[in-house]
Amino acid sequence: MKNLFITREDSKKITKAATLTNVALVGLFIFLVFLFTVIKLDYSFDFSIISRYQKKLINGFTMTLAICSISLFISLVIGIVNAIALKSNIIFFRFLARFYVELIRGTPFLVQILFFFYIITPAFGLENRFIVGFLILSLFSGAYVTEIIRGGIESIPQTQIITANSLGFNKWQIYRYIIFPQVFKRILPSLAGQISSLIKDSSLLSIIAVSEFTMKTLEVNALSFQTYETFSFLALGYLVITIPISLLSKWLERKYFYES
Amino acid sequence: MNLNINNVVKQYEVQRALDDFTFSIQKVPSLVIVGPSGGGKSTLLRLFAGLELATSGEICINGQQIINDESWLKEYRKNVGVVFQSYNLFPHWTAMENIIMPLIKVHGYSVEQAKETCLHLLKKFDLLEHVDKIPAKLSGGQQQRIAIARALAINSELLLFDEPTSALDPQLTSGVLEMIVELKKEGTDILMVTHEMAFAKKAADYVVFIDQGKAIEHGTADDFFNHPKSSVLREFLSHTTI
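Chains as they are written, first to last, in the working numbering: chain D, 1 to 260; chain C, 261 to 502.
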């Protein structure tokens with residue numbers, strides 16, 4: 001009986017019976033919390049609003065996917081360029097790249113959104129919120145991608161660079177053929193994690209009314225007042241994307257762990 | 261090979277690795293550099309390889325002076341084969357890719373030409389079975405032999421070895437050393453830093469002993485090992501097993 005609930009600290013194996021029992025218990029726990037809120041709020045459910053407003057919700061979801069895909073691409077480009085700039089012989093580039101990374105990583109995303117939206121956007125005459133949305137998100141994510149790539153580059157032993165130099169490869173060729181192919185493999189798991197963050201963080205763009213998933217759901221909520229259904233649907237929508245990415249990331253980690 | 265080294269100084273931030281180093285030889289097919297760790301031998305080899313710039317002084321290899329200029333050195337490095345202590349091969353490339361990529365990307369070979377050169381070399385040194393393996397699937401000795409084949413592929417007249425066997429288990433060194441002896445027989449000039457005294461005795465035509473950044477003593481292999489003159493060298497040789 002005790003074995004159903006307690007496992008040894010170092011043991012990774014949990015029996016099937018224990019797994020089933022405890023999954024059921026977690027489920028029950030969540031259900032009880034749910035029940036409590038429903039009773040307390042005297043809430044009555046109407047799941048039909050999801051289908052009633054499905055067009056809005058699907059539009060928002062698609063918009064989130066679009067913004068995140070574009071931002072992912074741009075932040076990768078920013079990350080690569082910046083990681084190289086951090087190692088540049090030109091001091092200005094080094095400092096600029098360092099400053100950018102520290103600035104982004106040291107301030108809340110919400111503050112960056114407000115700053116960008118109220119200062120940079122009007123100054124440059126950007127009006128399209130979709131463009132503003134993926135630009136902010138790219139700049140934000142780019143700093144984190146830079147750090148991931150920098151770590152990857154630094155994990156390549158110096159001896160390889162010396163060997164490559166002695167073979168006559170130039171700096172560009174060393175990056176192109178020797179460093180990046182190896183870095184790319186090594187950073188894939190952390191990059192997958194970053195994609196997951198990117199998708200979650202994109203919900204903050206609702207604050208400046210970019211019509212992405214969270215924004216659209218807020219609209220549906222304002223129209224229907226069915227808070228429980230709309231926000232559960234919202235959370236579920238993000239989980240549908242982030243759980244597969246998390247699994248992929250774990251799989252990549254195992255794969256390259258054994259290979260190296 | 262002919263070597264003329266005049267008053268070479270290599271100063272690192274705090275340490276002087278080569279101190280007014282002067283040394284010259286004429287028509288020596290294989291030169292072995294020995295000496296205690298930190299004495300300056302690897303620094304010397306890196307200067308020969310064009311991987312570092314001398315602080316001052318003059319180095320002439322086979323009549324060609326090494327010029328203290330990064331863009332000149334870039335061209336120069338392409339034609340000097342170097343084999344380091346370890347991790348010579350790029351881990352993400354197969355044995356073949358390790359050999360053909362420099363040929364294609366640096367020396368402008370076509371893929372077919374490069375593959376042909378590579379297969380010819382691997383066949384010659386009995387390494388053909390490893391052609392598609394990545395370094396992680398090869399023993400340290402096999403990796404070093406493939407690294408030597410890569411250094412040979414560029415047709416350089418001079419091969420530099422920086423302690424090519426010191427990171428290997430003893431039972432793996434013989435294959436690597438045999439390959440180097442074979443190269444020597446074929447007329448490739450060899451310049452090698454090593455701790456393998458038995459090998460130095462067998463394969464070297466000329467030996468130089470470096471300590472504290474200076475050439476303390478040099479001579480033919482026979483003189484060097486059997487009649488050492490300086491007390492430092494006698495001391496050094498007495499601590500090494502032959």
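Read the hints as simulated data drawn from the structure, not as lab findings. Owing to the predicted nature of the structure, the values given are computational and were not obtained by experimental measurement. Warning: the hint list may mix true and false statements.
30 Å max Cα-Cα, derived DSSO-like pairs, lysine-lysine [stated by the list, open to error]: (1) D:Lys185 x C:Lys365; (2) D:Lys87 x C:Lys365; (3) C:Lys474 x D:Lys185; (4) D:Lys40 x D:Lys87; (5) C:Lys393 x D:Lys171; (6) D:Lys40 x D:Lys16; (7) C:Lys365 x D:Lys171; (8) C:Lys445 x D:Lys185; (9) D:Lys87 x C:Lys338; (10) C:Lys375 x C:Lys397; (11) D:Lys171 x C:Lys334; (12) D:Lys13 x D:Lys2; (13) D:Lys171 x C:Lys338; (14) D:Lys255 x C:Lys393; (15) C:Lys474 x C:Lys384; (16) C:Lys489 x C:Lys474; (17) D:Lys171 x D:Lys12; (18) D:Lys255 x C:Lys397; (19) D:Lys171 x C:Lys397; (20) C:Lys393 x D:Lys250; (21) D:Lys87 x C:Lys334; (22) C:Lys334 x C:Lys365; (23) C:Lys445 x D:Lys171; (24) D:Lys13 x D:Lys87; (25) D:Lys185 x C:Lys397; (26) C:Lys474 x D:Lys250; (27) C:Lys461 x C:Lys474; (28) D:Lys185 x C:Lys489.
One side of the interface only, derived from the structure: several residues of chain C facing chain D at Cβ under 10 Å [stated by the list, open to error]: (29) Leu313; (30) Glu335; (31) Ser346; (32) Gly479; (33) Ala481.
A short list of chain D residues far from chain C (calculated; beta carbon distances all over 10 Å) [said to hold, decoys possible]: (34) Arg52; (35) Asn59; (36) Pro157; (37) Ala164; (38) Asn170; (39) Lys185.
Here a beta-carbon is modelled for each residue, glycine too, at the ideal position from N, C-alpha and C.
Results for each hint:
Straight-line distance between C-alpha atoms of Lys185 of chain D and Lys365 of chain C comes to about 22 Å, which keeps the hinted pair within the 30 Å bound. For the proposed pair Lys87 of chain D and Lys365 of chain C, the alpha carbon gap of about 23 Å is at most 30 Å, so the pair holds. Distance check on the hinted pair: Lys474 of chain C and Lys185 of chain D sit about 45 Å apart at the alpha-carbon level, beyond 30 Å; violated. Taking the CA atoms of Lys40 of chain D and Lys87 of chain D, the gap is near 58 Å; set against the 30 Å cutoff, the hint is violated.
With a CA separation close to 27 Å, the supplied pair Lys393 of chain C and Lys171 of chain D stays within the 30 Å bound. Only pairs whose Cα atoms come within 30 Å are accepted, and Lys40 of chain D paired with Lys16 of chain D is rejected, the gap being roughly 36 Å. Among the hinted pairs, Lys365 of chain C with Lys171 of chain D is consistent with the structure: their alpha-carbon atoms are about 12 Å apart, no more than 30 Å. The hinted pair formed by Lys445 of chain C and Lys185 of chain D fails the criterion: a straight-line CA distance of about 43 Å is larger than 30 Å.
With a CA separation close to 24 Å, the supplied pair Lys87 of chain D and Lys338 of chain C stays within the 30 Å bound. The straight-line distance between the Cα atoms of Lys375 of chain C and Lys397 of chain C is roughly 21 Å, inside the 30 Å bound, and the hint therefore holds. For the suggested pair Lys171 of chain D and Lys334 of chain C, the alpha carbons sit about 10 Å apart, so the restraint of at most 30 Å is met. Restraint check for Lys13 of chain D and Lys2 of chain D: the C-alpha separation of about 15 Å stays at or below 30 Å, so the hint holds.
Distance restraint check for Lys171 of chain D and Lys338 of chain C: the Cα-Cα separation of roughly 14 Å lies within the 30 Å cut-off, and the hinted pair is therefore satisfied. As the CA atoms of Lys255 of chain D and Lys393 of chain C are separated by approximately 18 Å, the hinted pair is consistent with the 30 Å bound. At roughly 39 Å between alpha-carbon atoms, Lys474 of chain C and Lys384 of chain C are farther apart than 30 Å, so this suggested pair is violated. For the hint pairing Lys489 of chain C with Lys474 of chain C, the CA-to-CA distance comes to about 16 Å; that is within 30 Å, so the pair holds.
A hinted pair counts as satisfied when its Cα atoms are at most 30 Å apart, and Lys171 of chain D with Lys12 of chain D does not qualify at roughly 46 Å. About 17 Å separates the Cα atoms of Lys255 of chain D and Lys397 of chain C, which keeps this hinted pair within 30 Å; it holds. Taking the CA atoms of Lys171 of chain D and Lys397 of chain C, the gap is about 28 Å. The hint holds against a cut of 30 Å. Restraint check for Lys393 of chain C and Lys250 of chain D: satisfied, since their Cα atoms lie roughly 27 Å apart, inside the 30 Å limit.
Note on Lys87 of chain D and Lys334 of chain C: the hinted pairing holds, with a Cα-Cα distance of about 20 Å set against a maximum of 30 Å. Pair hint Lys334 of chain C plus Lys365 of chain C holds up; C-alpha atoms about 14 Å apart against a cutoff of 30 Å. Annotation: proposed proximity of Lys445 of chain C to Lys171 of chain D is violated, straight-line Cα distance about 36 Å (limit 30 Å). The straight-line distance between the Cα atoms of Lys13 of chain D and Lys87 of chain D is roughly 45 Å, outside the 30 Å bound, and the hint therefore fails.
For the hint pairing Lys185 of chain D with Lys397 of chain C, the CA-to-CA distance comes to about 18 Å; that is within 30 Å, so the pair holds. Using a Cα cut-off of 30 Å, the hinted pair Lys474 of chain C and Lys250 of chain D is violated, with the two alpha carbons roughly 55 Å apart. Only pairs whose Cα atoms come within 30 Å are accepted, and Lys461 of chain C paired with Lys474 of chain C is accepted, the gap being roughly 21 Å. Only pairs whose Cα atoms come within 30 Å are accepted, and Lys185 of chain D paired with Lys489 of chain C is rejected, the gap being roughly 56 Å.
Contact between Leu313 of chain C and chain D, as hinted, is not supported at the beta carbon level, the nearest pair being about 13 Å apart and thus beyond 10 Å. With a least beta-carbon distance of about 8 Å to chain D, the hint placing Glu335 of chain C at the interface is held under the 10 Å criterion. About 7 Å separates the beta-carbon of Ser346 of chain C from the nearest beta-carbon of chain D, less than 10 Å, and the hint is met. Below 10 Å, beta-carbon pairs count as interface contacts, and Gly479 of chain C has none with chain D, the closest being about 29 Å; its hint is therefore violated.
The interface hint given for Ala481 of chain C is broken, as the beta carbon of that residue sits about 27 Å from the closest beta carbon of chain D, more than 10 Å. For Arg52 of chain D, the shortest C-beta to C-beta distance to chain C comes to about 54 Å, beyond the 10 Å cut-off, and the non-interface label holds. Every CB of chain C lies more than 10 Å from the CB of Asn59 of chain D, the least distance being 43 Å, so the non-interface label holds. Interface exclusion of Pro157 of chain D from chain C breaks down, the closest Cβ pair being 6 Å apart, not more than 10 Å.
Taking the minimum C-beta to C-beta distance to chain C, about 8 Å, the non-interface status of Ala164 of chain D is violated against the 10 Å cut. The non-interface label for Asn170 of chain D is inconsistent with chain C: the shortest C-beta to C-beta separation is roughly 7 Å, within 10 Å. Residue-level check failed: Lys185 of chain D sits 7 Å from the nearest beta carbon of chain C, not beyond 10 Å.
When the structure is compared with the earlier hints, violations turn up for hints 3, 4, 6, 8, 15, 17, 23, 24, 26, 28, 29, 32, 33, 36, 37, 38, 39 and for no others.
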